[in-house]
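> Listed below, chain by chain, are the residues.
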Amino acid sequence: MPRPLPEVNSSSQADIAFMLLIFFLVTTTMDVDSGISRVLPPAVDDQEQTDQQLHERNVLEVLVNSKDNLSVEGKRMRLPDLKDKVKEFFTNPNNDPNLPAKRVMEIEFFGPVEVSKGIISLKNARGTTYGMYIKVQNEIARAVSELRNSLSVQKFGKPFDDINADQQKAIVKFYPNAVSEAEPDETKID
Amino acid sequence: MSKFKEKKNKELPAISTSSLPDIIYMLLFFFMVSTTMKENSLLVKVTAPGATEVKKLEKKSLVSYIYIGSPLGLKNQAIFGTEPRIQLNDAYANVEDIRNFIASERDAMDESDRPFMTTSIKADENVKMGIVVDVKQALRKAGALKINYSARKVESVL
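Order-wise, the sequence lines are chains R and B.
Residues 1 to 190 (this note's numbering) are what the first sequence spells out, left to right.
Residues 1 to 158 (this note's numbering) are what the second sequence spells out, left to right.
Among the hints, erroneous ones may be present.
[Stated by the list, open to error] Cut-off 16 angstroms, straight-line C-alpha distance, at most; resulting in silico cross-link-like pairs (EDC-like, lysine to aspartate or glutamate):
#1 B:Lys56 - R:Asp161
#2 R:Lys123 - B:Asp134
#3 B:Lys146 - R:Glu61
#4 B:Lys59 - R:Asp33
#5 R:Lys87 - R:Glu61
#6 R:Lys67 - R:Asp84
#7 R:Lys67 - B:Glu125
#8 B:Lys55 - R:Glu106
#9 B:Lys55 - R:Asp33
#10 R:Lys155 - R:Glu108
#11 R:Lys169 - R:Glu106
[To be verified] Negatives, chain B to chain R, calculated, CB over 12 angstroms:
#12 Phe4
#13 Gly73
#14 Asp90
#15 Ala103
Just so you know, these hints were derived from the structure itself, not from any lab.
For glycine and all other residues, C-beta sits at the position ideal for the given N, C-alpha and C.
Between the sequences and the hints, there should be enough to build the whole structure, so can you do that?
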């Protein structure tokens, strides 16, 4: 009959685990990185810049000056009003000739639909604070996501975050995130 | 009757500590899973602006960071002043350095990942847009077009 082996002393196992634990406690940072994603326009040569003329009614000009004041289409506006202005700009419910034109586009799930040609041109002065700029970006993003959400609920009966990727793609086509970041040499505002 | 005989051994048995490592391991695994290593030690003060429409940055390995803010600490302020500076990796940098920084970050990635490279701009909410615009122009020239304005999630910004 084999003699039973003496048990391995496992009391130091806890100490080893403690050491690892303390290492991870010290190196850990819990914060998740979050932010507003944007795509910059590719760098272009100066000669090519002019060939992309946009119709004036299709552009919503949003300016932020160095005193962090906001103006939309040349008129002063308070930040809380920006969201509704952007929503009106993209939907153009009454086909107002001053608001963006629409073009017919074939989109999955929707068939041929009218999609706005509108583009928001966001310009800022060099003296604008970054916080204000992000607030304006945020309001525009909020307007677009509200439009997407209401379309998604109307079409699929679920909010935008709960529909599948193909459906999301269709809705993004319907309401693209059309923000153009201005060339800095155009931003001689103060 | 031997059944009711009082036990001779009055001492309390020692509490078994054999499950202590298991408990520690549970904590350990929690921290191992939830941990993200610090990327850089900050040399500039960055208070991210608040926003409601934030999205989580996924795939940390595809993200490179550019920090913009006033130099942090009296020693750095004595040398570099309090004007906002750009930080790349672990050192202060100029706008011209961004091109090399992006190139080296891109080289460090797998070829299949390169189109998905994202640059996160972590700027203090009080810096002026001038320096941010310069950084954005440098990024455009370097071909790093996917950017992310780092922001905190807040309930309302108005």
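> If a hint holds in the structure, say so; if it does not, say that too.
These are the hints, each one checked on the structure:
no. : hint                : result
1   : B:Lys56 - R:Asp161  : holds, 13 angstroms
2   : R:Lys123 - B:Asp134 : holds, 14 angstroms
3   : B:Lys146 - R:Glu61  : violated, 23 angstroms
4   : B:Lys59 - R:Asp33   : holds, 10 angstroms
5   : R:Lys87 - R:Glu61   : holds, 14 angstroms
6   : R:Lys67 - R:Asp84   : violated, 23 angstroms
7   : R:Lys67 - B:Glu125  : holds, 14 angstroms
8   : B:Lys55 - R:Glu106  : violated, 29 angstroms
9   : B:Lys55 - R:Asp33   : holds, 9 angstroms
10  : R:Lys155 - R:Glu108 : holds, 12 angstroms
11  : R:Lys169 - R:Glu106 : holds, 13 angstroms
12  : Phe4                : holds, 34 angstroms
13  : Gly73               : holds, 19 angstroms
14  : Asp90               : holds, 16 angstroms
15  : Ala103              : holds, 15 angstroms
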